[in-house]
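*Asks:* Here the structure of chain L is known, so what remains is to put chain F in place on it, guided by the hints.
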Amino acid sequence: MDEIGIMRARVDEALGLAETLVAAKDAFGLLLEMTEQCEERRDELFAAYAFASAAAAEARHIITAAPSLPPGPAMPASHPAPFTADQDTTAAALAGLARVLTMRLSAAGLQAGGARDQAACLDAATEASRIHQLLARDS
Amino acid sequence: MTAATLGGFLRPASDHIAAAARFQPADLRASSALAAARQAQRVVAVMSHYLGDVTPYGDYEAAASPDMEPLMRTAADMRQALEMAAGSLDHAVPDPGSVGAAPEDPLAACLAAAGTSLAAGRDLLVTHFATGADGIRAGESQWSTAIVSPPVTRALLEEISRWSQQLALLAATLTSAAAVDPATPATVLQGLGGACQWLLSASAAFEEGQHDDPAAQAGAELLEAIPANSVPQRRPPAEDERATRLCEGVTVSAGRLRVIARRTAGQAAWSPAATAASWRWTAKAAAVTSHLSELILRSLAERPEHLAGITPAAQLHTAAEAAARACARWREVAVSWKQMTTETRGLSAPVIADASDLVLRLGRLASGDPKWTPSQPVSAGLQNPSELAPGPARAAMIAAAVHEAVDALACVAAADLHAVGTACTAGRVYAPTSTLPEDYDVPRPFGNPAPVTVAILLDAYREAEHASIQAVTAMDAVAVTLHTPSRMLAAARAATAPAEGSSPRHQGGIQPGGPAQTLPDLKDAAGRRQPGPVEQAVRRLAVPDPVLVLRAAAIDKAARKLVAEAEQSSSRRRAARQEEDPARPGRAGRTAARVAAESFPHEPPATTARQQTASPPRPAGPRNPHRPPSEGR
Numbered sequence: 075m076d077e078i079g080i081m082r083a084r085v086d087e088a089l090g091l092a093e094t095l096v097a098a099k100d101a102f103g104l105l106l107e108m109t110e111q112c113e114e115r116r117d118e119l120f121a122a123y124a125f126a127s128a129a130a131a132e133a134r135h136i137i138t139a140a141p142s143l144p145p146g147p148a149m150p151a152s153h154p155a156p157f158t159a160d161q162d163t164t165a166a167a168l169a170g171l172a173r174v175l176t177m178r179l180s181a182a183g184l185q186a187g188g189a190r191d192q193a194a195c196l197d198a199a200t201e202a203s204r205i206h207q208l209l210a211r212d213s
Numbered sequence: 028m029t030a031a032t033l034g035g036f037l038r039p040a041s042d043h044i045a046a047a048a049r050f051q052p053a054d055l056r057a058s059s060a061l062a063a064a065r066q067a068q069r070v071v072a073v074m075s076h077y078l079g080d081v082t083p084y085g086d087y088e089a090a091a092s093p094d095m096e097p098l099m100r101t102a103a104d105m106r107q108a109l110e111m112a113a114g115s116l117d118h119a120v121p122d123p124g125s126v127g128a129a130p131e132d133p134l135a136a137c138l139a140a141a142g143t144s145l146a147a148g149r150d151l152l153v154t155h156f157a158t159g160a161d162g163i164r165a166g167e168s169q170w171s172t173a174i175v176s177p178p179v180t181r182a183l184l185e186e187i188s189r190w191s192q193q194l195a196l197l198a199a200t201l202t203s204a205a206a207v208d209p210a211t212p213a214t215v216l217q218g219l220g221g222a223c224q225w226l227l228s229a230s231a232a233f234e235e236g237q238h239d240d241p242a243a244q245a246g247a248e249l250l251e252a253i254p255a256n257s258v259p260q261r262r263p264p265a266e267d268e269r270a271t272r273l274c275e276g277v278t279v280s281a282g283r284l285r286v287i288a289r290r291t292a293g294q295a296a297w298s299p300a301a302t303a304a305s306w307r308w309t310a311k312a313a314a315v316t317s318h319l320s321e322l323i324l325r326s327l328a329e330r331p332e333h334l335a336g337i338t339p340a341a342q343l344h345t346a347a348e349a350a351a352r353a354c355a356r357w358r359e360v361a362v363s364w365k366q367m368t369t370e371t372r373g374l375s376a377p378v379i380a381d382a383s384d385l386v387l388r389l390g391r392l393a394s395g396d397p398k399w400t401p402s403q404p405v406s407a408g409l410q411n412p413s414e415l416a417p418g419p420a421r422a423a424m425i426a427a428a429v430h431e432a433v434d435a436l437a438c439v440a441a442a443d444l445h446a447v448g449t450a451c452t453a454g455r456v457y458a459p460t461s462t463l464p465e466d467y468d469v470p471r472p473f474g475n476p477a478p479v480t481v482a483i484l485l486d487a488y489r490e491a492e493h494a495s496i497q498a499v500t501a502m503d504a505v506a507v508t509l510h511t512p513s514r515m516l517a518a519a520r521a522a523t524a525p526a527e528g529s530s531p532r533h534q535g536g537i538q539p540g541g542p543a544q545t546l547p548d549l550k551d552a553a554g555r556r557q558p559g560p561v562e563q564a565v566r567r568l569a570v571p572d573p574v575l576v577l578r579a580a581a582i583d584k585a586a587r588k589l590v591a592e593a594e595q596s597s598s599r600r601r602a603a604r605q606e607e608d609p610a611r612p613g614r615a616g617r618t619a620a621r622v623a624a625e626s627f628p629h630e631p632p633a634t635t636a637r638q639q640t641a642s643p644p645r646p647a648g649p650r651n652p653h654r655p656p657s658e659g660r
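In order, the protein sequence lines correspond to chains L and F. Numbered as in this note's numbering, the first sequence ends at 213 without a single skipped number. Numbered as in this note's numbering, the second sequence ends at 660 without a single skipped number.
Extracted from the complex, chain L is given alone in its bound form (with noise of 0.2 Å):
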């Protein structure tokens, strides 16, 4: 959980476009690597975490390909620990790690000068709203 929290502050506090992207990528890459562990266990939200990791995935690859993601290898992708909580704390932190995501790459997308730039962060904008509706916990 420590991670997730960790991952979320980092993605609230970037700044600027270019960090917006990096942190942006390693936080769908921790989403990605999380989902998949918690489709592992085919518990009772197995349909949930398939099709998050399944926009996890393909957010990450839309930020690859962002003009204005700085090049040049990006953090290693974390290997969370596997965790203990149960699946409605493990989801809801997820989701809320994807609503701050869909939040600053909305906002990047408006600001972002280019075309390309503008289109990847409000498509992955869109596949976190997508993992955010997913995994959030409210009734």
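Check each hint, because a few of them may be wrong.
Partial chain L-side listing against chain F, Cβ under 7 Å, derived [as the list claims (entries may be wrong)]:
#: 1; residue: Glu118
#: 2; residue: Leu119
#: 3; residue: Phe120
Read the hints as simulated data drawn from the structure, not as lab findings. Ideal Cβ placement from N, Cα and C applies to all residues, glycine included.
*Replies:* For chain F alone, coordinates are given in the frame of chain L:
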């Protein structure tokens, strides 16, 4: 509204033909014979076309192939007889009249309705095949192989034999009625009489060739169950659907997925709608569908006493385990897509909507919540088994829905394997440069993936296809045991299994394009059919077997066709030789002016070609006796 099936056309046709055969001479009007013969000709012609579709042998091949498999021999004989019958009826009624107008005569109206139903049924069968530019007809659906399988072919022959017998009876009745009317032309009587004879021959050909087949009933059921190869209208999920509507909706979505996935697979090389996001999402949807199917099957297995007294619990558990394995294989497909993308993005593939509908409806069946969505847990509301399937009928209906769903996934697996392979070959699949081997020098964010990565992806699809087929096979057993409406899917698969060892012509629905080509019969000055030499010889022997006469007529026709082909080939060779040699007498268009123009010198004598290429002129001197006389001319 249920999908159209062949039975929906064959049963009315059967009823109409049977009703026509029951007409008595006293019921016939003065003009009935002509009007009925006109419509009967159409019915018999359509029947012969059905047989032409399943018999890939032309007249010559049918006559010259002693080793033809018995069922095909029967079909070829019956087709020949029906063509003869149609020809006789055509001779009886030279003026076809207006095809579109509904006949006023009740008997003719009955036959017209039969002809229309049969023609529509044939149109339904044709939707499962397409003829390529090379003239070869290939199957276009998973039903194509079943349609040409021995059980279905036999069932079709049996139906046509029965109709032939009924129409022969009708022809005899019409002959009797026409004979008492002095105004009836002689050609009508001859045509009806000939048709009666050939229709009886067609029926006799089946009687002679039929085998004791315990699977005959299954073949008849399968024949009637053949659906049209079309995309049903989509039925978006609604929030008030209960079990029956949910199961119906699953069947619709599964039917759409089978057709759409197959039809769009070949477009992956160029279609912008074929995206990695779509393939990845479809794999996830297939995994979720398999998972939900497993939950439903295990729930059904917990109440075996509700399964009509039979205990297929073991079969249900086997099917559930197969669904779980399929889920795992589909997840691996999605994982293989993790590092790859395409140049176009988005969930734009045509199958997305129906795969989504499938997930929603199965989730609502499993959870018992008509408003369930993938964001919600399943087992929190997983239906109490006694609520999911309170009785045998509901259990069978739900099992049928699961059967349809896993069958559709097997089709999607095969289609996507083909599509993804095509997309990779076309260079449409990319991977981030950071994931490529170090020796790949790609100055862009994405490059084509390494071959080993592509191989892993395609292997994952093959494993998913294999696992999906195993799940379908397990569900086939459940469907047969519970006698579900979807058991015809199992029957179609069972019917095609024996066809794998039969002749190549009978495999996979691949046949030479279109019905076999035939020649019209020889006729005398009065338009009457003239038997050929072989048929005459057989008739002189007065053999009681009408099939022998039939085959003799087929040999005569095949011989005439062979001679006609030889004549055409000879004419083409003659024409080609004349084109190559303009000096050859008889060349078309060689007028006197053209001949004169060929002889006219186009250059001054001093600059003819010979002189241009010869050595410079020498001073005049004594003639060289060694020079050939032609030089210097």
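*Asks:* Of all the hints numbered above, which does this structure not satisfy? Sort the numbers upward.
*Replies:* none
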